[in-house]
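Participant: Sequence:
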Amino acid sequence: MRLLELKFENFKSFKGHVTVPLGPGFTCITGPNGSGKSNITDAILFILGSRSTKLLRARKLKQLIHGFQEGSKKKSGPKSCKVSMSFDNSDRFLAIEKDLVTFTKGIKLKGKDTTTYYQIDKKKSSAREFEALFSRAGLYATGYNIIQQGDVIQTSLMSGIERRRKMEDVAGITAYDNRLKRTRSARKSVEADLVLLNERAKESKRTLKQLEREKEDAEKLEIIIKEIDENEISLKFRTIFDLEAEIESRREIVDKYTKELEKIDKKQYKRREDIEANQLKFKEIENEIGISGGNKARELQEELDKARVAHALAGRNAESAQNELRDLEIERKTITGEHKVASKELKTLTKELDSLNKIIRTLESKVSAKVTRLTELEGAAANNSEVVKKQRDQLEELRKKAGGLEMQRHRIEGEKEQLENQLTNAKEQVIRSKQWLDSITTDAKEADFQLKDMEIGNKSANQNLEKIKKKHKDVLKSIEKYQTELSGLESQLRNLSMKLASKEAAQRAREEFGGYAKGVKAILQCRDEGKLSGIIGTVAELGRVDEKYATALEVAAGARLQSIVTENDRAAADAIEFLKRNNIGRVRFLPLNKIHSYKPSAAALLISKKTSAIGFAQDLVKFDSRYKDAFGNVFGDTVIVDSLSNARKHLGKGRMVTLQGEVLESGGALVGGSAPRTGVGFGTADRTEIDSLSAEIGNLDAEKLQKSSALGELIDSAGKLATARQELESEKAAFQTRVTDYDGRAEEVKKRVQEAEDALKSREGMVEALQGEIIERKESVESLEQEIQNITSEISNATKDLQTIAGGKSSKNIAKLQSDLDEFREELSGKQSQFAALSAKTEAIQSDVGRLKGDLDLNQKEQKELQITLKQETQNSAKLDKELKKLRKEEETKFKQLKGLRDSRDNLHDILTELKSEFATNQELKRSRKHAMNDLKVEIATREPRLLEARNKISDDIKTPQTVLSREKLENNKEILERKRSRLGSVNMLSLDHYRLEAERFGEIKKHRKQLKEEVRRLESLETKISDKKENKFMGVYNHIGESFKTSFKEITGGGEAWLVLENEDSPFEGGVTIKARMPKKKLYPVEALSGGEKSLVSMAFIFAIQGYDPSPFYLLDEPDQNLDGVNTEHIGRAIALQSSFAQFLVVSLHHAALREAENVIGVFMGDDGVSRLHQIQDVNTFISSLPTETEANA
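Numbered according to the UniProt record's numbering, the sequence shown spans residues 1 to 1195.
If you are wondering where the hints come from, they were derived from the structure by calculation, not from laboratory data. Possibly wrong hints are sitting among the right ones.
Claimed, not checked - Beta-carbon label-pair distances, calculated as ranges:
1) D193 <-> S1021: 29 to 37 Å
2) E787 <-> E757: 40 to 48 Å
3) Q875 <-> R981: 41 to 49 Å
4) A695 <-> K937: 36 to 44 Å
5) K477 <-> E975: 30 to 38 Å
6) K470 <-> T942: 55 to 63 Å
7) G530 <-> D624: 48 to 56 Å
8) K477 <-> E971: 22 to 30 Å
9) E248 <-> R213: 48 to 56 Å
As the list claims (entries may be wrong) - Subject to a maximum C-alpha distance of 20 Å in a straight line, what follows is the list of computed SDA-like cross-link-like pairs (lysine to any residue):
10) K704 <-> T484
11) K704 <-> K974
12) K62 <-> H17
13) K209 <-> I1005
14) K548 <-> G673
15) K1006 <-> N198
16) K122 <-> L100
17) K15 <-> L56
18) K974 <-> H994
19) K1033 <-> G1072
20) K521 <-> F578
21) K7 <-> L1174
22) K347 <-> I335
23) K653 <-> D642
24) K1025 <-> E1014
25) K1050 <-> R1134
26) K1050 <-> Y1038
27) K236 <-> L947
28) K1029 <-> R182
Cβ atoms here follow ideal geometry from the backbone N, Cα and C, with glycine treated the same way.
Please build the complete structure, drawing on both the sequences and the hints.
Facilitator: Below, the structure is given as structure tokens:
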């Protein structure tokens, strides 16, 4: 890659469009100072992306625009500037698939602000894209390959750390740093995740522990639910088995009735005698039951229930009193024992106090004697000096105060010790109270649970009883209703049967004497006997007419009245075949499926509209609409007219018949006279009515059969309900007794719970109060100890002062006496402390003795009251027991007698019912049995769908059990299981899934934690490997650059020596890289001690050394030789010329040597207008000769 040219537009001192052509190799830019040659360097820095306007020698970006002046009101002048760099990219050093690439960066003014834009080959780009492309090519505005004016010696002056980092950049180990940084960041992140995961593991473990308890309850509930489901399945099978048994039993009864019908006729005479005998017995038993009465028995049962409840309550009260007496007696013995122990301890403490008091008085006497002697010695030593006297008086006051404080401290310490003992006892009482409360609370919960259980049972019994009563009442009402309905049905059946018999007789008479042809009669007879199907009847049978139209209609129909209507032509054909086979005669048939509807003619319609016309003949006949076409076929369009005179007016226009029977044919013929009506004619009742009556009677018979069966079931159900009612009343009484019993026990336990709670609160309050008092005593003791310590110090100081004043032998005597006195006082203080402690303990014991005496008196009082209660309840219980025995005896006698009478009556009633139903008549008996069989079949038919439904409720994969418990036991099991479920209360069934999920989560956390630990170890290992690779890479670059640096420096200086030195050879990255240099024929100096020119040589050698390792596409050097003399300038020029064969160099220089070595020289000059202009110098030597010598220029 090579930089081909630079283009400016209004950039700094360059106005308009300026192009700087750059050849390969060494290009030198020269010109007078201030001509703007360094602005070319600034242009390159600007486009490479310098982020600091300071590097571009401008305060603001605006100042890069040619002619811009801050604050100027001049509106003319450029408002923008731009710089372009064109590169030969044939080697694709830039990551762009083009041989020629041009980068453009510009600035535009927008009011007071500026905007920057970027372009690549005239296409919009961005600073980020510029930076990415240049960085991949190794071009940076701050890179080592770009040296601005005055910065050439910075490479020499930079610190060792900076120089090492520069070499790191060249070595490309920044990538290692980035990898290390990412690895360390990843490791820290993983470690942080590991810490977080550990916390999650702890949290998950706590959650698991909490969920475990919920899971146990859920598992229990799951088992209960499973048992409930199994019990429910057993109940379903029980229903199936019961229905199967009921169906089978009814089938057996049907079979039995079938056989029984065959024997009924043989037993009729015997049944008559049995009925009369049993009726007599039934009447006698009814009279006996009426005398005994069921109400008295029920009243006796109620009295018995009340007596049982009262007896149970009295027994419970007596037992409760007995238990309380026993507890009080135990409590009395305990209190008595504690009182004896406390009294004995009080006597012992009193003796100890008396003995200790005597010792204290003896010690006080000794102390007093010592004090008196000490006072004498101190007075003698001071020669009655006022100062000593005052000092002694102060000392004595301090001693008295110290003694008082000691006594006070001992007393408070004794009180504190006693309070601590009381606190210990109170805490023990609190623990005992809590244990007692827990025990009683458990009893209370158990009693409350049992009470609720009993109340639920009692409530259930009451509800069941009320349901039974209501059901029994409803059944009795239903029985009455069915009996009424059956009576009504029997009345309807009698009336309809009579009516049907009348109709059938009339019909038979008409058939026998109505003039039907022989063939017609034969067909009708076969119809009635069922020999021919599809025969409906004759036209005469199927129609009804008013009497006033009968003659006219019979004449109009004529012989067609005997036409027989059939369902279809098949039936007609069969009937004809029958007539032919038996040679009976001929009959006209009208098959309903073949005959056509008849429409009247226009002439007939006109006649029918006349006032004399009554109507079409078929319209005056009443018949079923199904037979409309048959009647149309018989009558056609015949019109009935009121009289012959009126009919004659229309003669020849249509067929007419008068009310008197004259016939007027459509052809004009008249038929009339006095002929009588034929034997065949319409009747007032038709076959349809007979069939309707027969169907209605059949329906009423079926309804009667059904209601009779239902009535039998209701009577049976009423008996069962009566028995169930009696059993539930007994069960209710038993439950009431148990509820009353447990209610008393629950109240007693609740009372004890309240007492225990009060005692616990009292003891807890005592503990709290004692703790507060102990804290106060501790604070008082600490305060007194501090005060005693202060006073003791004052006493010691005062004693020393006094001994100093006394001096000599007196001082020794005073000191010895003082020592003895301190010993006595110490002993006295100890005894006083014991005395204070014993006094406090004695007071506490006295208080305990008084309290125990009060508790004992209260106990005795309560025992007396309970003894009175026990006596009363025992007497009451005995009295109720006698009454209960009496009632039980009466119950056994009357209930037994009443039960026998009821059983006998019910048995006789069943026998009479059966006998009467069998006795009526043979046919009625048979019919009754058939009805009963039909009822049973109906019951079977109704139970079979229920059986099928019950079977469908059970899944096919459930195996049918061999045996199933009774329904009663299954229902009982269901209640027990439901109670177990309710005892568990609210159970979180999701805890099973939660526990499983949490356990899985905990396992995942442990697994993840293991993975994270392995990842931390892996990352630590990776850090070590990367660090080793980084160091190896750096050392390779360091050694390469070091060798190149030696060679370059030697070539530039013409024989000098320079080399690189690591500040920390063991850990290169913890130190820097320094430079050691020795100029030709000079001593070795640190680089900091070299001259400016020598430093420039070192910097250039270092740059060339880096170039040898990491060549840059081009180098931009702004006056690198400004500090060098002529000889060194030539060395630098030759070195640059030599390096330009490997890279492109763009050098700004004023030295002639650099101009001579350059391959391309560009001059920059500034005119009077302040605009920089470029000049391509072709002949360098001529140009140099025209310039003043460097010596002259420097002068």
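Participant: Could you say whether the range 36 to 44 Å given as a hint is met by the Cβ separation of A695 and K937?
Facilitator: Cβ of A695 to Cβ of K937: about 21 Å, so the range 36 to 44 Å is violated.
Participant: Is the distance from the Cβ of D193 to the Cβ of S1021 consistent with 29 to 37 Å?
Facilitator: Taking Cβ atoms as reference, D193 and S1021 lie about 18 Å apart, which means the hint is violated.
Participant: Could you see if the CB distance from G530 to D624 stays within 48 to 56 Å?
Facilitator: Taking Cβ atoms as reference, G530 and D624 lie about 21 Å apart, which means the hint is violated.
Participant: Hint check: K521 vs F578, CA-CA at most 20 Å. Holds or violated?
Facilitator: 13 Å, holds
Participant: If you draw a straight line from the CA of K1050 to the CA of R1134, is it 20 Å or shorter?
Facilitator: 13 Å, holds
Participant: Given the hint that K1025 pairs with E1014, test it: the Cα-Cα distance must not exceed 20 Å.
Facilitator: Judged against 20 Å, a Cα distance of about 16 Å means the pair holds.
Participant: Hinted pair, alpha-carbon criterion (20 Å max): K653, D642. Please report holds or violated.
Facilitator: With a Cα-Cα distance of about 17 Å, the restraint between K653 and D642 holds, given a limit of 20 Å.
Participant: Would the pair K1029 and R182 pass a check requiring their Cα atoms to be no farther apart than 20 Å?
Facilitator: It holds: about 16 Å lies between the C-alpha atoms, which stays within 20 Å.
Participant: Regarding K477 and E975, is the given constraint of 30 to 38 Å on their beta-carbon distance met?
Facilitator: Holds - the Cβ-Cβ distance for K477 and E975, about 32 Å, lies within 30 to 38 Å.
Participant: Regarding the pair K62 and H17, is the alpha-carbon distance no greater than 20 Å?
Facilitator: 18 Å, holds
Participant: Verify the proposed pairing of K548 with G673, using a straight-line Cα cut of 20 Å.
Facilitator: 18 Å, holds
Participant: Against the 20 Å threshold, does the CA-CA distance of K209 and I1005 hold or violate the hint?
Facilitator: Satisfied, since the Cα-Cα distance of roughly 16 Å is no more than 20 Å.
Hint violations for this structure: numbers 1, 4, 6, 7, 11, 18, all remaining hints satisfied.
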